[in-house]
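2 protein chains.
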Amino acid sequence: MKGLHLIGDLYNCAPGDFLNSAKRLRKLCLDACQASGLTVLGEHFYQFDGFDATQVGGATGAVVLAESHLAIHTWPERNQATLDVYVCNVTADNSAKAEALYDTLIAALKPADILAQHVWRGKDLPVAKAA
Amino acid sequence: MKGLHLIGDLYNCAPGDFLNSAKRLRKLCLDACQASGLTVLGEHFYQFDGFDATQVGGATGAVVLAESHLAIHTWPERNQATLDVYVCNVTADNSAKAEALYDTLIAALKPADILAQHVWRGKDLPVAKAA
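Going down the list, the sequences are from chains A and B. Take the first sequence: its letters are residues 1 to 131, numbered as in the working numbering. Take the second sequence: its letters are residues 1 to 131, numbered as in the working numbering.
Note that these hints are calculated values from the structure, not bench results. Keep in mind that a hint or two might mislead.
Identical chains blur together in the list; that is why a pair holds if it fits in one copy or across any two.
Calculated pairs, DSSO-like style, for lysine-lysine (alpha carbon to alpha carbon, straight line, at most 30 Å) [to be verified]: (1) K2 to K123; (2) K2 to K23; (3) K110 to K23.
As the structure is a computational prediction, the values presented were derived from the model and not from experiment.
Please build the complete structure, drawing on both the sequences and the hints.
Next up, the structure:
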């Protein structure tokens with residue numbers, strides 16, 4: 001279960017388009033997974049209503065991959081989104097595919113600012129005992 | 001989109017039960033989300049076949065929450081699993097609910113060893129510029 005988890009908190013994204021449409025966001029994600037060589041097992045996306053009649057609602061979704069998962073949540077009223085791409089490297093090193101998927105989604109959402117955290121998951125030896 | 005992301009890489013879990021059944025793992029996750037006061041918008045779980053006839057297959061899934069997401073992947077042949085619970089605190093502090101969900105799933109999977117990483121998502125000011 002060792003693997004790479006790419007975490008992106010995205011600020012000042014390109015307005016509209018993918019941020020306010022679960023339908024478009026879903027297609028973007030599924031196409032990007034396929035283009036990156038990752039295997040989609042299933043997904044669920046959801047369209048939020050806006051907080052009031054003046055706002056569009058955000059979109060949220062998760063894609064279950066054979067290699068682990070992709071999760072994305074958007075706040076169009078702030079032009080923000082969060083992105084998670086996690087791949088396990090059990091039978092092959094899928095890190096390059098994860099980076100490709102992450103980069104494709106960043107290129108589509110066009111954030112001016114990114115708070116990125118790359119987390120390496122799993123260790124050869126556990127470092128903490130459960131209580 | 002500031003929030004808490006609980007990452008757990010779980011070693012030496014209780015064999016069988018939830019690790020090798022997407023059906024049981026799904027019910028565990030959905031019940032735990034509800035018990036923690038989180039709002040399930042949808043989910044997808046998938047049952048893997050074993051690598052060969054001597055092995056049972058793992059389970060994998062993601063739950064899309066109004067507050068963000070839960071993702072879980074298991075390797076019953078190693079008694080391992082990975083767990084992600086991410087909640088945003090946009091309209092309320094959902095951290096306690098995330099901790100409750102995480103604790104419930106840990107109690108069910110019974111790992112002897114946990115590699116835990118608690119990642120605080122989002123900042124008041126972005127710290128990195130996109131290229």
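Worksheet entry | Numbered hints the structure breaks, given as an ascending list | Going through the list in order, the structure violates no hint and respects every one.
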